[in-house]
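Residue-level listing of the chains:
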Amino acid sequence: MITNLDERSFDEILFGSELPVLIDFWATWCGPCKAIAPILEEIDLEYKDKLSIAKIDVDQNQQTATRYNVQSIPTLILFIDGIEKARIVGSMGKQALLQKLEGLI
Amino acid sequence: MSEDDINEVIIIGSGPSGLTAAIYCARANLKPIIIEGEPSSTSDQPGGQLMLTTEVENFPGFPEGILGPELMTRMRDQALKFGAKFITNKAVKVDLKDKIKRVWISDDTNTEYLAHSVIISTGAKSLMLNIDNEATLLGYGVSTCATCDGFFFRNKTIAVVGGGDSALEEAIFLTKFADKVHIIHRRDSFRASKIMQQRAMSHEKIDIIWNTEVKKINGNSKLESITLFNNVLNKEYELDLDGLFIAIGHSPNTEIFKDQILMDENGYIQTNNGTKTNLDGVFACGDVQDHIYKQAITAAGSGCAAAIDAERWLNNNLN
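Residue numbers (our numbering), protein chains in the order written: chain A, 1 to 105; chain B, 1 to 319.
These aren't lab readings, by the way, just hints derived from the structure by calculation.
Cβ coordinates follow ideal geometry from the N, Cα and C atoms, glycine included.
Treat the hints with care, since some could be wrong.
Here are the in silico distance ranges between beta carbons for each label pair [as the list claims (entries may be wrong)]: (1) LYS50/A / ASP107/B: 16 to 26 Å; (2) GLY274/B / ILE2/A: 41 to 51 Å; (3) GLN95/A / ASN278/B: 25 to 35 Å.
Chain B with its partners taken away, still in its complex shape (with noise of 0.2 Å):
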């Protein structure tokens, strides 16, 4: 191998971090790649989270809001105004611990990318319930988009189960089509922000289950019904549904990563001094190792930080 064939630096992921590393790279004249992932209908695609939601009203800069796809094709038009390079494959296999890096994709050959340094920012992706009958009914029924499937739900009865920001927003999007829409949530407060819990509380159409889960999916070809237990009440029950989509959370996307970069017990990367892995010349941004803020704006900063920790490193190292 040449060493031409060996890049400055390699993004794997491209949410907010990602983008916001590869923008700050480029314009270092780093020349960075960035493994952007594939099509997908959860959050485990190019542009990530915000690809699912629809108005962002907190990201800075935009008072009339922002369609989160628009923010992050926006995001990546800007990385490509100042010449970063994107792969649309998923990264399959890594090899990080030596002096040069190695990246393999999902395509058709297993391509391998190489590179001195690694900017890690593949974020978080839904969980899902794990429970009978969620897989098969997945699209007759059940959904993890309620932007793409929303629309199907027109005067129908439909629930939304979680308890965040994304869960709540989900529900006060889907009011626009359905005629009642459950949340259920298994604990007896939201986690989401004092604004939307207040729409959604005080939303006509919107009626909150507090303190129960999911236990079961029923329906053979179609969503028909869900059972819920009421873990105060002890009690189980079938509420009848026409859709159920899911809003429970994320995980870190590291299984990638697994015994070469130090972890927390939740599998969220551990950075220390700035965005530094235990690894040389191994960097992480964005939900990939935050488990507190995560939101679009600290991805975005944490992105940056951490072009500029790979930026001072290749001076470092490489000179």
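Chain A on its own, in the form it takes in the complex (with noise of 0.2 Å):
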């Protein structure tokens, strides 16, 4: 199961993770996002090695969000150390998702 952040708790991973961190922008009147949502479920399994997948509803967290400067959801942020490393923007496919990450994991 992917774990539902909140403020505090995203700053927790985001810095605290040895491994990349995958977050997923989203919220619960979202369409787009409950497409992808079981997709990454399943590369959270797949990559646990590789990658923690974590998410946080843009609705309850909206300082977060405007941090980030999301404006459009899902979007997928890949962090490094903390550091944003790429920025996926809109729902898609298993395997156009993966292509997306190959080689940032």
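With the hints as a guide, dock the two chains, each given alone in a separate frame, to form the complex.
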């Protein structure tokens, strides 16, 4: 299961994780976010040695969304040592998403 | 290959037409395989165009309205209940000319599915403006999904480009968040239904910019303004904006069928005698073959017709 973060746990995982962290900015009312959720769950299981995935509800955590200038959801941001390395905007299939992460994790 | 590997019918696409075809095929015990598509933030996704809409007010049987995604989830559940099998990938290649039809999907091994008959219901995809900065600022002020991104434009000034029902519906939805919503339309009247026009034109937050095209999208890391061109006055000017939503219409999703299926000059599949295409055993329904009505209910109706046509064709040709 992918953890749902709040503003405090967001910073903890971002700066505390040994692995690259992929954060899914989402909301309950966002259809394309729902569609990509099971794909992220699959990748989370398959890549658990390489990548840590967590999600944050932008509706509940607007400050974090604003801090990272998220203006569209789903937005996935890949952080390594707390630094943004890649940003993927929009919902997509598993192959397309893995291609975008290739070489980064 | 054994006969067991050949399905009775494959349905490509899962909007109202594909899912209605799935319900009818499943109830006719044809064990349909539905290649439903992949997640996306455009209408090219499982469930199709209604996945990006809010309230659907004209689908018969729902006097109080129903949310587009909920209607599609219900149709899918109904097909599942009767034994339809869903594959959550896109069809990337087809070979429909021979007796056994072949469809390849977008998984990592490009798995191939075989069938005696195919129903094409791939619908239509949203058109983009195809101008500089559009792709790079997608997600940074430019959006194709009002229901996803409206939230980020609270108290902001935004614009919707387009003049059809979806453009006006988006504009009205976006007034929940934005202070000001411009509708930019290249003509002097809307294609949208009268009721949507009345709602949009009487809304205090909505301002309509007629006879105007978007020429440029300006901004580096985020959208700052757009350059507009008034095609009556021949005048170009800039409009400061926080958000730009694109809803300029759709074109049929028929690339993978080119050179096999007969289409009109705009890429819509030509059907005759019901839902039959030029190829034996291949049927088409919904927006992929309809450039006139384009409604959820007409799509569903033609999906039902395609399922019945396919069932009759299978009865006449396989036994």
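Looking back at the hints listed earlier, which ones does the structure fail to meet?
Hints that this structure does not satisfy do not exist here, as all of them hold.
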